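Residues per chain are reported as follows:
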Amino acid sequence: MIVVTDLRKSFGEVKAVNGISFEARDGEITGLLGPNGAGKTTTLRMLYSLLPPDDGRILIDGLDPTRDAMEIKRTLGVVPDSRGLYSRLTARENIAYYGELHGMSRRQIDARIATLVDTLDMADFIDRRTEGFSQGQRVKVAIARAMVHEPQTVLMDEPSNGLDVMSTRALREYVRGLRRDGHSVVLSTHIMQEVAALCDRIVIIAKGEVAANGTADELLQRAGCDSLEDAFVKLIGSEEGLLA
Amino acid sequence: MRGLTTVFRKEVRENVRDRRALFNSLLLGPLLFPLLFVGMMWFLESAEQERAEQTLELPVVGAHYAPSLIRFLEQQGAVIQPEPEDPEAMVRAQETPVVIRILPEYPEQWAAGLPAPVEVIMDPSRQESNAAIRRVKGLLLGYGQQIGSLRLQLRGVSPQLASPVMLRDVDLSTPKSRAILAVIFLPYVLMITAFTGATHLAMDTTAGEKERKSLEPLLINPVPRWQIMTGKMLTTTVFAMASLALTLVSFRIVLPYMPIGAFGMDLTLGLHTLVKILLVISPVAILAAALLTLLASFAKSYREAQSYMGLVILIPMIPSLIFMANPVKAEAWMMNVPLFSQNILIGEIIREESVALSWYAVSIASTLVIGLALAVVAATLYNRPRLIFSGS
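The listed protein sequences correspond, in order, to chains D and A. So the first sequence is numbered by the numbering used here: it starts at 1 and just counts up by one. So the second sequence is numbered by the numbering used here: it starts at 1 and just counts up by one.
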């Protein structure tokens with residue numbers, strides 16, 4: 001469960017995040033939808049405690065990233081936009097590295113990787129070095145790495161970037177599985193279809209502010225449109241960034 | 001501390017698999033420098049020998065003024081060349097290293113028993129002509145002394161009266177202390193190796209990690225940042241140390257093949273000496289790892305980091321260059337200055353001089369303190385978000 005209240009962050013003159021508030025409940029998928037440069041990544045970075053907010057409050061399962069950074073990191077699984085795998089390590093070594101950094105034992109890590117290989121269908125490449133992996137394989141390794149310590153809260157930044165149709169389907173299936181298991185999932189994206197297909201709750205962000213917040217149906221009603229795409233354009237008030 | 005050791009183990013494993021890291025840290029220094037050293041020695045030695053054994057071809061201007069001097073020179077093995085038109089131009093053009101000119105007043109002065117003028121035309125700034133110049137001057141002086149003694153004897157004076165002082169060299173330098181080249185060269189090479197051995201890893205683990213976008217996810221793990229950075233610096237230090245140890249071993253293997261006789265050198269690096277040198281230099285490895293990591297952390301990419309390194313690599317050269325240009329007597333206060341102290345100590349170790357233990361202690365301690373201070377700064381650098389996200 002994430003509760004964000006009036007979050008603010010500026011870089012010099014630029015107000016990257018200017019008063020964002022939303023909730024992300026357990027057993028739900030929350031989508032942060034917005035054009036490029038809207039402040040999604042900055043918001044996520046504050047959530048996983050790499051950026052201190054200028055103002056506002058974040059609570060993740062009752063913990064504040066600015067005070068309990070270490071505790072929060074233990075309960076978070078993060079799949080960043082840039083997957084950042086080590087190309088000279090095998091997929092298994094990449095995942096095990098994060099397991100060790102989370103203080104897991106060798107045996108725990110082995111058991112957990114066996115499960116993840118199964119769920120994410122990674123048996124073919126788990127012991128290959130990640131150099132030359134396809135985008136789909138990379139995303140799977142990045143997800144497995146983020147999930148190795150079984151975090152309650154999962155943050156994904158543009159998870160379907162660069163994926164083909166099959167990989168996207170597999171990814172969505174996996175994320176729905178997380179929802180079934182009661183995780184709180186937050187994903188940021190600029191792709192409408194992704195939100196429509198996956199998210200229980202949509203937070204539309206534009207220019208560092210929340211333009212609208214609710215379920216897909218609520219947003220359609222509020223905008224008085226038939227399609228989510230029209231609603232999106234109407235709610236953020238421009239077509240800027242949609243085509244990016 | 002578990003995070004620290006985890007990071008250390010992963011970085012070692014990753015970099016052992018990296019050909020670029022292995023080449024830079026473990027091959028380049030250990031192979032290149034000893035070979036360079038031996039090659040240099042061979043070259044110097046053979047060039048020197050060649051010159052000493054060459055027949056001395058000596059152009060003479062005005063040979064007819066001093067037939068007896070010419071006869072003497074010929075007896076001593078010089079081959080007299082015909083009179084050149086412009087001796088100065090000839091020397092300047094390096095057609096011959098040296099020309100002697102016997103002036104027209106020579107016969108007159110000679111007959112009067114006054115010093116008869118002979119000019120030696122030369123350019124001593126050209127290293128390669130020095131052997132020939134020395135030989136010619138030696139011959140001329142020898143001739144002068146011989147004639148001088150004869151003249152005194154003719155006048156019934158003992159020639160000994162003309163040499164009131166007798167010089168006799170008492171050479172106290174041992175073959176070891178004559179190993180001047182090695183004394184300058186080895187500390188120089190080791191200092192550079194400590195830095196080159198650390199460079200690639202320092203850049204790869206910081207700027208490289210940032211460039212590959214793996215720094216951000218890494219920092220989301222529940223491990224204090226100083227532990228992550230320290231693990232990285234530890235890896236860099238270990239690679240620098242390995243580089244140093246390999247370089248020393250490789251010198252040890254290569255030294256027996258050196259033309260030692262001509263330099264009066266007796267340089268064997270025993271195991272004991274190697275360990276001592278390694279002990280003295282290892283704080284430099286820590287200093288280098290910390291300094292390079294600190295600098296590379298500011299860079300957005302491996303390439304940007306590389307552009308800083310070109311300048312940094314000059315740092316370890318400074319002390320050796322100063323000592324080459326201006327050899328100073330080792331003094332206690334110098335032990336406080338990193339790189340200088342190691343330069344002096346390694347020189348003394350090679351010469352097998354005994355050095356006060358306190359000098360070792362001060363050198364190691366002062367370098368360690370500075371190295372660790374830099375490491376502390378480097379370890380906390382990624383507490384600034386600006387440095388984590390720069391370039392993204």
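Wrong hints could be hidden among the right ones.
What the hints assert, rightly or not - Straight line, CA to CA, 30 Å or less: simulated DSBU-like cross-link-like pairs of lysine-lysine:
(1) LYS300/A <-> LYS15/D
(2) LYS234/D <-> LYS15/D
(3) LYS234/D <-> LYS207/D
(4) LYS329/A <-> LYS207/D
(5) LYS137/A <-> LYS207/D
(6) LYS276/A <-> LYS329/A
(7) LYS207/D <-> LYS15/D
(8) LYS213/A <-> LYS15/D
(9) LYS213/A <-> LYS300/A
Unchecked claim - Rough simulated footprint, nothing fancy, chain A against chain D, three-plus residues with beta-carbon under 8 Å:
(10) 48 to 57
(11) 90 to 100
(12) 156 to 166
Worth flagging that the hints you see were computed from the coordinates, not collected in a lab. Quick caveat: nothing in here was measured; it's all calculated off a predicted structure. A virtual CB, placed ideally from N, CA and C, is assigned to each residue, including glycine.
Now the hints, each set against the structure:
A hinted pair counts as satisfied when its Cα atoms are at most 30 Å apart, and LYS300/A with LYS15/D qualifies at roughly 23 Å. Pair hint LYS234/D plus LYS15/D holds up; C-alpha atoms about 23 Å apart against a cutoff of 30 Å. Proximity of LYS234/D to LYS207/D is assessed by CA-CA distance (about 15 Å); at most 30 Å being required, the pair is judged to hold. Only pairs whose Cα atoms come within 30 Å are accepted, and LYS329/A paired with LYS207/D is rejected, the gap being roughly 68 Å.
Our distance criterion of 30 Å between C-alpha atoms is broken by LYS137/A and LYS207/D, whose separation comes to about 88 Å. Distance restraint check for LYS276/A and LYS329/A: the Cα-Cα separation of roughly 21 Å lies within the 30 Å cut-off, and the hinted pair is therefore satisfied. A C-alpha spacing of about 8 Å is found between LYS207/D and LYS15/D, which places the hinted pair at or below 30 Å, so the restraint holds. Restraint check: the Cα-Cα separation between LYS213/A and LYS15/D comes to about 24 Å, which is no more than 30 Å; the hinted pair holds.
This hinted pair checks out: LYS213/A and LYS300/A have alpha carbons roughly 10 Å apart, not beyond 30 Å. Interface restraint, the stretch 48 to 57 of chain D with chain A: holds (5 residues with C-beta to C-beta distance below 8 Å; minimum three). Coverage of the stretch 90 to 100 of chain D by chain A holds. Counting CB-CB distances below 8 Å, 4 residues qualify, and the rule asks for three or more. For the stretch 156 to 166 of chain D, the proposed coverage by chain A is not satisfied: 0 residues have a C-beta within less than 8 Å of a C-beta in that chain, short of the threshold of three.
Of the numbered hints listed earlier, those contradicted by the structure are 4, 5 and 12.
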